[in-house]
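S.K.: The lines below spell out each chain.
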Amino acid sequence: DAKTTQPPSMDCAEGRAANLPCNHSTISGNEYVYWYRQIHSQGPQYIIHGLKNNETNEMASLIITEDRKSSTLILPHATLRDTAVYYCILPPDSNYQLIWGAGTKLIIKP
Amino acid sequence: ETGVTQSPTHLIKTRGQQVTLRCSSQSGHNTVSWYQQALGQGPQFIFQYYREEENGRGNFPPRFSGLQFPNYSSELNVNALELDDSALYLCASGFRDLGSDTQYFGPGTRLTVL
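In the order they appear, the protein sequences are chains R and P. Just so we're aligned, residue 1 is where the first sequence starts under our numbering, counting upward by one. Just so we're aligned, residue 111 is where the second sequence starts under our numbering, counting upward by one.
For the record, the hints were derived by calculation from the structure and aren't laboratory data. None of these values were measured; they are calculated from a predicted model. Be aware that a few hints might be false.
Straight-line C-alpha distance at most 25 Å; calculated SDA-like pairs for lysine to any residue [to be verified]:
| hint | chain 1 | residue 1 | chain 2 | residue 2 |
| --- | --- | --- | --- | --- |
| 1 | R | Lys105 | P | Ala197 |
| 2 | R | Lys105 | P | Thr112 |
| 3 | R | Lys3 | P | Gly113 |
| 4 | P | Lys123 | R | His40 |
| 5 | R | Lys3 | P | Ile122 |
| 6 | R | Lys52 | P | Thr212 |
| 7 | R | Lys3 | P | Thr212 |
| 8 | P | Lys123 | R | Gln42 |
| 9 | R | Lys52 | P | Arg206 |
| 10 | R | Lys3 | P | Lys123 |
Take the sequences, apply the hints, and build the full model.
M.R.: Structure representation (C-alpha cells):
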C-alpha cells in the first residue's frame, strides 16, 4: 500500500499557480519526500525532494509542514505542458522498492 | 533528458513466448530498478539491481528475471508470457552511495501480449 495520500484529480488555469497536496502522516524523521510526474505514456520525471525545509528548483517549490506529515508541491506558473499525473512518494522500503500510489491527475486549462 | 534509454519502444509478443527488454543507465549510476505499469495505475516495483546483483524484489514471480552489466546496461527477461504481462515497462537508474534515492526513468517499453 502507498504510504502517501493525494487527491485523485485537480484542475488549474494556465498561468496560475498549481498547488498539489500530499499527506504522509507515517513519515519517519529521516525520510525525504519525493515528487515525480508522469506525462501521458512517458516515463516518470523527477521533480524535487525535501526533508523538512522548503525547497525550490527550476521546476517547482516544495513546502513541507513543520510536523512533516504533509507537503505541497507548487508549480508557480502552470502551462499546458504541466498536465500530468503527479506522484508524492516516500523513499524505498527495506526491499528498495518505491511504492507508488495513484497520484494526482493535474489538468491545466487554457 | 535523463540519460536513461530503453529498447525497444514497442513490442508485440504472443502468450507463452519469452521477451528481453533492455535499458542503458545514466553513466556513473550503480542501481537500476525495473517497474511494470498497467494502464491507469502507478508503477509496480519488480526488482532492483545494485552493483550487478539483485537486492530487492517486489511481488513478481521468478519468471521475471534481470541482469545488470558493468557498462551501465541492464536487461529484464520475462518467460512464459501471459496476457496480463501487457504493460509499460520502466527502468530507472540511481546512485545509492550518495544517500539519495532519486531515480531517473527511461521512456519505457510498451509490451503487448496477444
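S.K.: Each hint should be assessed against the structure and marked as holding or not.
M.R.: The hints, checked one at a time:
no. : hint                  : verdict
1   : Lys105(R) / Ala197(P) : holds (20 Å)
2   : Lys105(R) / Thr112(P) : holds (22 Å)
3   : Lys3(R) / Gly113(P)   : violated (29 Å)
4   : Lys123(P) / His40(R)  : holds (23 Å)
5   : Lys3(R) / Ile122(P)   : violated (34 Å)
6   : Lys52(R) / Thr212(P)  : holds (17 Å)
7   : Lys3(R) / Thr212(P)   : holds (17 Å)
8   : Lys123(P) / Gln42(R)  : holds (21 Å)
9   : Lys52(R) / Arg206(P)  : holds (21 Å)
10  : Lys3(R) / Lys123(P)   : violated (35 Å)
Consistency note: the structure conflicts with the earlier hints numbered 3, 5 and 10.
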